[in-house]
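Trainee: These protein sequence lines are chains A and B, in that order.
The first sequence: position 90 = 89 (numbering that gives the first Met the number 0), numbered continuously.
The second sequence: position 215 = 214 (numbering that gives the first Met the number 0), numbered continuously.
In short, the hints are calculated from the structure, not lab data.
Virtual Cβ for every residue (Gly too), placed ideally from N, Cα, C.
Be a bit skeptical, because a hint or two may be false.
Only part of the chain A face toward chain B is listed, based on derived beta-carbon distances under 7 angstroms [stated by the list, open to error]: (1) Gln36; (2) Gln65; (3) Ala112; (4) Ser113; (5) Gln115; (6) Cys117; (7) Leu133; (8) Pro135; (9) Thr145; (10) Asn150; (11) Val213; (12) Val215; (13) Glu217; (14) Asp263; (15) Gly350.
Label pairs and their calculated CB-CB ranges [as the list claims (entries may be wrong)]: (16) Gln84(B) - Ser181(A): 42 to 48 angstroms; (17) Asn273(A) - Ala263(B): 44 to 50 angstroms; (18) Asn95(A) - Val108(B): 42 to 48 angstroms; (19) Leu158(B) - Val338(A): 40 to 46 angstroms; (20) Gly88(A) - Ser261(B): 42 to 48 angstroms; (21) Arg142(A) - Ser318(B): 31 to 37 angstroms; (22) Leu158(B) - Gly341(A): 28 to 34 angstroms; (23) Ser195(B) - Ile182(A): 31 to 37 angstroms; (24) Asp151(A) - Ala221(B): 21 to 27 angstroms; (25) Val108(B) - Asp236(A): 55 to 61 angstroms.
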Amino acid sequence: MRTRRPDHSRAALVWLGAVAVLLVSSGARGQIVASDQGAAVLVFPKILVDTAGTLTGGVSVDTVVQIQNTSSGIANLLCFWVGANSCCGGPCGLANPDHCDPNSSDPDLNCRASGQRCVTSWTASNFEIDASPLQPIGFLASRDVTELPCNDSSSTCDAQDGQILGAGDPFIGELKCIEVDSITALVPRAITGVNDFTGSARIYASTTADGGSVDVREYSAIGIQSVVEASSGPIGDGVLCLGTNGGTCPTATHASCPGTLILDHFFDGADPFNDGDSVGTTLTLVPCTEGPETQIGPPGITVAQLLIINEFEQRFSSNRHVQCFETTRLSDIDSVPGVDPGDVTSIFSAGIQGTLTGQTRIRGVPTNEAGHGLLGISEETHSGSRGSFSTAANLHFDGSRGAGFGDTITIPAP
Amino acid sequence: MRTMNSLRVGSTLVACALALTAAVAARADVSTERPGSILIFPKVIADGTRDTIIQISNISTMTVHAHCFYVDGSRDPNTLQPRWQETDFNIWLTRLQPTHWRVSAGRPVDFTDSDEGLDPGAVPPATAGFQGELLCVQVDSGAPSAGNSLIGDATLKNLQSGDVSKYNGLAIKAVNGSDDDLLLLNDTVATEGDDSAEYNGCPRALQFAGVRDLDEDPVLGAGSESRSFMTLIPCSADFENLVPASVSVSVNRIDEFETQLSFAGALNVTCWRELALGGSGSVFGSYFSGAPTQFYTATLTPNSQVGLLGVFDTVVTDSNSNSATAAINMSQLGADKASNLPATGPAGPPASIRISGE
């Protein structure tokens, strides 16, 4: 008896159509997330301010932010400081100014001395500025700038509106800036079709006592490009669609976040220059999905899944919760926070890995669910008898979040 | 018949999927974050005062080979001209393997040495006094490969003070790759769909943001100083014939008051050049002093299709003479391939890299 082969042509055509839709809707128009090109959204994953050195043993910390308008026209920005300060016993505030460091092993800094928990809370505050053609703007995160360079009517440059609200002191968190149509409107609207801004952040740590010390590290802001096409324009509902999802974002207004972040790093405790200095790496991750000033309740949690490969091609894995903002020494991911004996048994320890460098691949999971994209930077500290010096670097990217599994940034709508 | 239909549909399906995938993948840029088939470290120093550690990772699940070239751009003490001395070697990385080496020491294939892990091949130490670049081309059986599997980082250390800085290697994506030793960075001039695009074009211009040079640092205050350096290389290179590329660069600098200073053809970069922005002979020096604001942006535009790549460093010094360095990759103007060289640049053949044969 002959059996009839099933006809798969119709199913195949349906599959083809689905593939086409997926590919086209997954950011195929060419917009990307990148730190080296102009974009409509700038993400500075780590901003630090602690000018009094409250949490850093007297080392004064501040961040210089620089933003450039790369276009030949006036462009406007709505920026949000997303704070992740921690305080003993509860959220920080006027009634509770006792700041703490959840990553510290010092009982005075992690609240254990007072028998309390070090509680992180999330805050958002915003400011709006416009930038004249090609104008650079630089400011310290610790300070308000009430008079922008071209605010003054007597200045020779184009009139400039807006002012910069400082992040607060102390402050730990991120800065997100979104290109908007106008800052003179009551509620500005995010716009697509333009990718005008680049930026960078330089973190300082300095002391003046005992001959003093200075350390500085710098990274580029991560840019999320907007879709540029005929229908580009203001976004009325305040929802920026970083790729598509099954709900509020049937079409993308901005590029999808990276599918995988890659950290090319020294394992903690390595001495790569063979000079007695020990290296430690701090990883900072922030979610792509955020609703500064619109979000009700605590931010959602994304699990950062980490796949670590050493120079023997041996693989290890770990994971970490990311809620709003996460900064941690690599060795603290799988050991007690702070410098402690447990660090040498971490899978991020050079002693455990047996090689000096590794590639850590970081994915926000679930990958088949919208709203779990991640961005971040790394900082590397070389410590030894000559003091501590640090560097910062942008993470590498591989791929993009798949179609239907994009992210959203939600800002107040008009 | 139905089987034939299914095959035909299947073939069409695959072809369409590939075409769509190609359309998506056609976006190719010089990137500081995304992997590529040509990986460039513009600033590599091993001169006794500073040393550099190179980290390269294979991000693919296949073994990857790369042909790497050190280019010594230090000046010959007798002629004061860049030496343009090329030294090449091969590395191979297993799936997802990271590797590293210290430039002054190299990395011999020695399972008993202190560099644990799979040695990537015999990496020679750089010559004494090395100041230059490292360029690696992904290859397959000696021929260029379009695998786009390489990422990297470079960490520079001042051996006296312990000060460190780090930047990402610049990756040039292959579109179709090259079938010979001449790698054309020509995606902007290649005709869509004719497979002639080999690698992406270099950016139309580079941009960096700085703090006024030789002036008080905005954070460190009275008695402090901020100094800036840029390291530039031409995109084009000819390793086979040892011909250093040269490119004239126009500089446009604008401050927060929109004050612009433009210098057409102000710089000439042959082979490799590190410049102190405030140093004597620099176009930045005298013009930056007395500027009304501390923050500026500078744009570097190459005046030929040779193209330009680079990194930017800032050294801050406090009132007690403690200093620290931060390195950062320059931004690229040209957010899509239409803005890359040579589409909007002056006429001429596209930038290219000629690698020497095995």
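Trainee: Take the hints in turn and mark each one as holding or not.
Mentor: Hint check:
no., hint, verdict
1, Gln36, "holds (5 angstroms)"
2, Gln65, "holds (4 angstroms)"
3, Ala112, "violated (31 angstroms)"
4, Ser113, "violated (32 angstroms)"
5, Gln115, "violated (33 angstroms)"
6, Cys117, "violated (27 angstroms)"
7, Leu133, "holds (5 angstroms)"
8, Pro135, "holds (4 angstroms)"
9, Thr145, "violated (15 angstroms)"
10, Asn150, "violated (11 angstroms)"
11, Val213, "holds (5 angstroms)"
12, Val215, "holds (4 angstroms)"
13, Glu217, "holds (4 angstroms)"
14, Asp263, "holds (5 angstroms)"
15, Gly350, "violated (11 angstroms)"
16, Gln84(B) - Ser181(A): 42 to 48 angstroms, "violated (56 angstroms)"
17, Asn273(A) - Ala263(B): 44 to 50 angstroms, "holds (47 angstroms)"
18, Asn95(A) - Val108(B): 42 to 48 angstroms, "violated (59 angstroms)"
19, Leu158(B) - Val338(A): 40 to 46 angstroms, "violated (25 angstroms)"
20, Gly88(A) - Ser261(B): 42 to 48 angstroms, "violated (58 angstroms)"
21, Arg142(A) - Ser318(B): 31 to 37 angstroms, "violated (20 angstroms)"
22, Leu158(B) - Gly341(A): 28 to 34 angstroms, "holds (32 angstroms)"
23, Ser195(B) - Ile182(A): 31 to 37 angstroms, "violated (46 angstroms)"
24, Asp151(A) - Ala221(B): 21 to 27 angstroms, "holds (25 angstroms)"
25, Val108(B) - Asp236(A): 55 to 61 angstroms, "holds (60 angstroms)"
Hint violations for this structure: numbers 3, 4, 5, 6, 9, 10, 15, 16, 18, 19, 20, 21, 23, all remaining hints satisfied.
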